[in-house]
Amino acid sequence: MNKFGKIILLLNIFLLISCGGKQEEKKEQITIGKKNTSVQKESAKPKAATKTPASKRVDLESKGVGPVTSLELPAEIDQSMVAKGQDIFKKMCMACHKPNKRFIGPAPTGILKRRSPEWVMNMILNPSEMVEKDPLAKELLIEFNGSPMANQSLTEEDARAVLEYFRTL
Amino acid sequence: MKKLLNLFFYLIATALLVTSCANTDSKSERSGALNSSAAEKVYVAPGEHDEFYAFISGGFSGQLSVYGLPSGRLFKVIPVFSQDPEKAWGYNEETKPMLNTSHGFIPWDDAHHPDISQTAGEIDGRYVFINANNTPRIAKIDLSTFETTEIIELPNSAGNHSSSFVTENSEYVVAGTRFSVPVPQQDISIKEYKGNFKGALSFISVAPEDGRMDLEFQILMPGFNYDLSHPGRGKSHGWFFFTTYNTEEASTLMEVNSSQNDKDFIAAVNWKKAEEYIKAGKYRTVPANYAHNVYDEHTHTATSTMKKEVKILDPAECPGLVYFLPTPKSPHGCDVDPSGEYIVGNGKLSANLTVHSFTKMMSAIENNKIDGEAYGIPILKFEDVLAGIVEQPGLGPLHTEFDGKGNAYTTFFISSEVVKWKLDTWEVIDRKPTYYSVGHIMIPGGNSAKPFGKYALAMNKITKDRYLPTGPEVTQSAQLYDITGEKMELLLDFPTIGEPHYAAGCPADLIKPRSKKIFKLEENQHKYAAKSEADTKVVREGNEVHIYMTMIRSHFSPDNIEGIKVGDKVYFHVTNLEQDYDVPHGVSMIGANTSELLIMPGQTETFVWYPKQVGVWPFYCTDFCSALHQEMQGYVRVSPKDSDIALSWSLGED
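Sequence lines, in order, name chains A and B.
Taking this note's numbering, I'd label the letters of the first sequence as residues 7 to 175.
Taking this note's numbering, I'd label the letters of the second sequence as residues 688 to 1341.
Do not take every clue at face value.
[To be verified] Covered by chain B, per the in silico footprint, the following chain A stretches (three or more residues, Cβ under 8 angstroms):
{"#": "1", "region": "79 to 88"}
{"#": "2", "region": "95 to 107"}
[As the list claims (entries may be wrong)] Simulated crosslink set (DSS-like; lysine-lysine; CA at most 30 angstroms straight-line):
{"#": "3", "chain 1": "A", "residue 1": "K107", "chain 2": "A", "residue 2": "K69"}
{"#": "4", "chain 1": "B", "residue 1": "K1218", "chain 2": "A", "residue 2": "K90"}
{"#": "5", "chain 1": "B", "residue 1": "K1047", "chain 2": "A", "residue 2": "K97"}
{"#": "6", "chain 1": "A", "residue 1": "K96", "chain 2": "B", "residue 2": "K1218"}
{"#": "7", "chain 1": "A", "residue 1": "K96", "chain 2": "B", "residue 2": "K1204"}
No wet-lab data here; the hints were simulated from the structure.
The beta-carbon is built from N, C-alpha and C at its ideal position, and this holds for glycine as well.
Please construct the entire structure, taking both the sequences and the accompanying hints into account.
Following this line, the structure appears as structure tokens:
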């Protein structure tokens, strides 16, 4: 009898605690179920989000982590390499990247204004280590919903051609 | 009342203490210094690799299992003769032809004896061959992909048991029929067995460059049961040895009637001679009907071809082709030592083990010491070919393997033990119990000139009290022995799939470096492959709809499809665009009367779906592929048969 009472008491305490959490109703409202009319209002964004997202940030110093440690781009763009790179991009990358708009991953347009050529090459050739060790790549993974950049087993030569194609975007 | 209760508690507590004490006692007895070293010997630390692969037959599961030794860890079950919904084997359109036979599509078989391909008498780790016992077939598994890539059916055979053993340079995979049957098949009384039933020994060539199999010829033997076989090697290369039982040619109450003769035979077949007879045209070409199924790694698709004839050699008309070596009491295993000199006949109803000498056999043949004949096949004299006898080593000998150091290891089914004995002196060195009723034994490289004599793996039929009970059916198991010392040491028990008949073992280093990691997209020649998202489409041909779909972490393209109608036959041709190791995707469709597909990087597979109900029906990825795996899904809208909704497909908003 005594034991039973204790158990009941414990249960009650537990219930009390778990109820407590619910009492603070959130004031910000999430609206689901209204047919695609309302767009998120800018004003609704929390103040804390002042940091520029990784995809917009510029870092031309970092070379990333991977096989490519230094890469000098010649001034002239090699058009035959561009054609090859575009073909490879279509076959191996387009499933997740559109040239001009965000898709599963970011668009490569203007990438060389934001990243070093080495960084881009390493992201293509060594994505799993990049998202593990490179701070920018890590943030990008989170920014793009945790969708991992697939390693499409490109050769360094192929990746270089893709990079040349990126120079034209 | 309370006192009574207290007393009860005390009693229980005491009982618990006592039993726990007893447990510690028995444990300390078992886990002495020896046992802890046994644990060390089989311990493969997390992240480390085993030293050997063991390919253990899945028996009546029809498959081949891949274990690591010494850990006993199961890595993979390779589907061979039975449908496997996990891997869509025999369910997807690509692999259905692999299970085609002259009897139509067969979803199951009984897989028995794996054997690894050889070069110059040593195992080379390229292929494993395994036989289907029930509907006679030989399968080839490619050890770069661990997939079954070829299956050939055997005509004129039944109970394909003395198979599938390879010759020294993988010239042939050899298969002998256990049951003799009328050849060609005909409607006769079973009572007319004697003289009318025949046993076929099949020689399947293996092309050196790509391993392609072809049934070169069959030797049509008397109507005995051909139980097991092994190739000659070294000095006996060019010969093949088969055990026989039922030389009585009984057809009923076999357990009595086929155990009458004091001696049955080991048939010694000179296959080099057979090649000469074939070359000389001394064969008959007879009509046959058997399936030859080949899986193409580039089209990711199998084709099945029906073959219509086979070359037959009649040993009565081909002198020197076959000799019979009398061997006591229904010999089962037929094992040849690494030098090729000794042929062990494991007479399962005999008290002794019989070992024949190849050298003595050759000299008896040269000196024409013939003791009689059976259906035109000369019988040599027992004493003239006998090398030695292992006296009363145990009860019910079945199989023998060798360690390459002059020792042989024979399993004894009835007395449940492995017995180590010495070649040349025939003395018993050691015996260790098995738990229980051991069948085959395997030493990696055991069927070759160069065994790796470190471990022996015994495969048991019965385990009764060895594991936690699981209802009336309990697992079969394998037991690992350390055979590096004078005495064998039992190291490990582990459960197996199906009933393990034989296994083939191989140093991991022979296979590991060649193991394929992905299929290259650019080499994908599948008829319905979509090699990039630009290639995705949906095509209607009458009521057949072909969806060319791609998958990559973590979406399908297209993932919204409309314009499908009730009564359509919808083909999902799905290509995995990934080009990275260990990133398969799966796909399944609600209500599809088939299995999922499990598609490797760069591969295309197809399943068929018959939409029967109007509505919007989802499909999804079945193999957890990334953090967004749960989002990897799509919808198909199914409209009424007479609807005029146009076919459309999309991914994302544009």
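For each hint, the structure was consulted:
A stretch counts as covered by a chain when three or more of its residues have a beta carbon under 8 angstroms from one of that chain; for the region 79 to 88 of chain A and chain B the count is 0, and the coverage is violated. Coverage of the region 95 to 107 of chain A by chain B holds. Counting CB-CB distances below 8 angstroms, 6 residues qualify, and the rule asks for three or more. At roughly 24 angstroms between alpha-carbon atoms, K107 (chain A) and K69 (chain A) fall within 30 angstroms of each other, so this suggested pair holds. A hinted pair counts as satisfied when its Cα atoms are at most 30 angstroms apart, and K1218 (chain B) with K90 (chain A) qualifies at roughly 17 angstroms.
With a C-alpha separation of about 67 angstroms, the suggested pairing of K1047 (chain B) with K97 (chain A) is violated against the 30 angstroms cut-off. For the proposed pair K96 (chain A) and K1218 (chain B), the alpha carbon gap of about 10 angstroms is at most 30 angstroms, so the pair holds. The hinted pair formed by K96 (chain A) and K1204 (chain B) meets the criterion: a straight-line CA distance of about 23 angstroms does not exceed 30 angstroms.
Consistency with the previously given hints fails for numbers 1 and 5, ordered from lowest to highest.
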